[in-house]
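Chemist: Taken in sequence, the protein lines are chains A and B. The working numbering applies: residue 1 is where the first sequence begins, and numbers increase by one. The working numbering applies: residue 1 is where the second sequence begins, and numbers increase by one.
To be clear, the hints were calculated from the coordinates, so they are not data collected in a lab. Backbone N, C-alpha and C fix where the C-beta goes; we use that ideal spot for every residue, glycine too.
Ranges of calculated distance between the beta carbons of each label pair, as one might list FRET restraints: (1) 122/B <-> 18/A: 55 to 63 Å; (2) 38/A <-> 104/B: 18 to 26 Å; (3) 17/A <-> 138/B: 20 to 28 Å.
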Amino acid sequence: MLSETDVDRLFQALADATRRDILRRAVTGEHSVSQLAAHYAMSFAAVQKHVAVLERASLVTKTRRGREQLVTTDPTALARARELLEQVEDLWRHRVAAIDDLLAEEATGAPGRTGHPQH
Amino acid sequence: MPVIDTEIDREGLTLTVTAEFIATPERVWQLWADPRQLERWWGPPGWPASFPRYEFEPGGEARYFMTGPQGERSAAWFRFETIEAPHRIELVDGFSGDDGEPTDAMPSMRMVVEIEPSGGSDGTVTTMSIRTIVDSLEHLEQITSMGMVEGMTAAMNQIDELVA
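Let's have the full structure, built from the sequences with the hints guiding it.
Modeler: Next comes the structure, spelled out in structure tokens:
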């Protein structure tokens, strides 16, 4: 479970487009801070600050290799895989509920119970 | 009717979700065959999906996008590999680039959908199982980080509304 402070940090970390972009890159493997910085029209120091915010929210970890600092997501692979598959599972639970509403609406001619958006 | 079973196979990076519906297999098949029906249940919470292209046939492709609470768009695609009405669909689902077209830079996953009659005195209970197979943890990370970012954006917008 995340504490309220953890959640605040997480939200704050994800509230910025550059940080979301850094996170997307970090999940695909190791990148040094300077490699990441090359993608943005801002200083190395500014990118380093963004990485530090992500690190405080436990979204990335930083390891030093020689003169480089490598940014990655947590490498405890199996536990992570389960966590991630559970997110996919949540999405399917939502979809099944939406299908139920659709079928129920048809059976009764009334709008679905949980009011999924019509479009 | 709720989800009746889920199974996670971590090493195989596979998730199987099984749900039961009070409907015939033919009716459940329409949830996939008709893109207007698919649009009503495919998108994550707060991100309704639209399918402007939908070729429901073996080798056919689909393009879709999901629209977020602030009008952000996330584009994606299907490629149908097997379609055996009304029982089995195999497809590949992937994220698109900014132009809405598939790109190797974005992750994809394979889905196997099986629809079977499962009882009911009048034959109207149907089981649908969906197996989602991801080829690497790296791809799974990408797929869910996108979902997470979208979910968080939606949650943040709700908070914005509360405090406004």
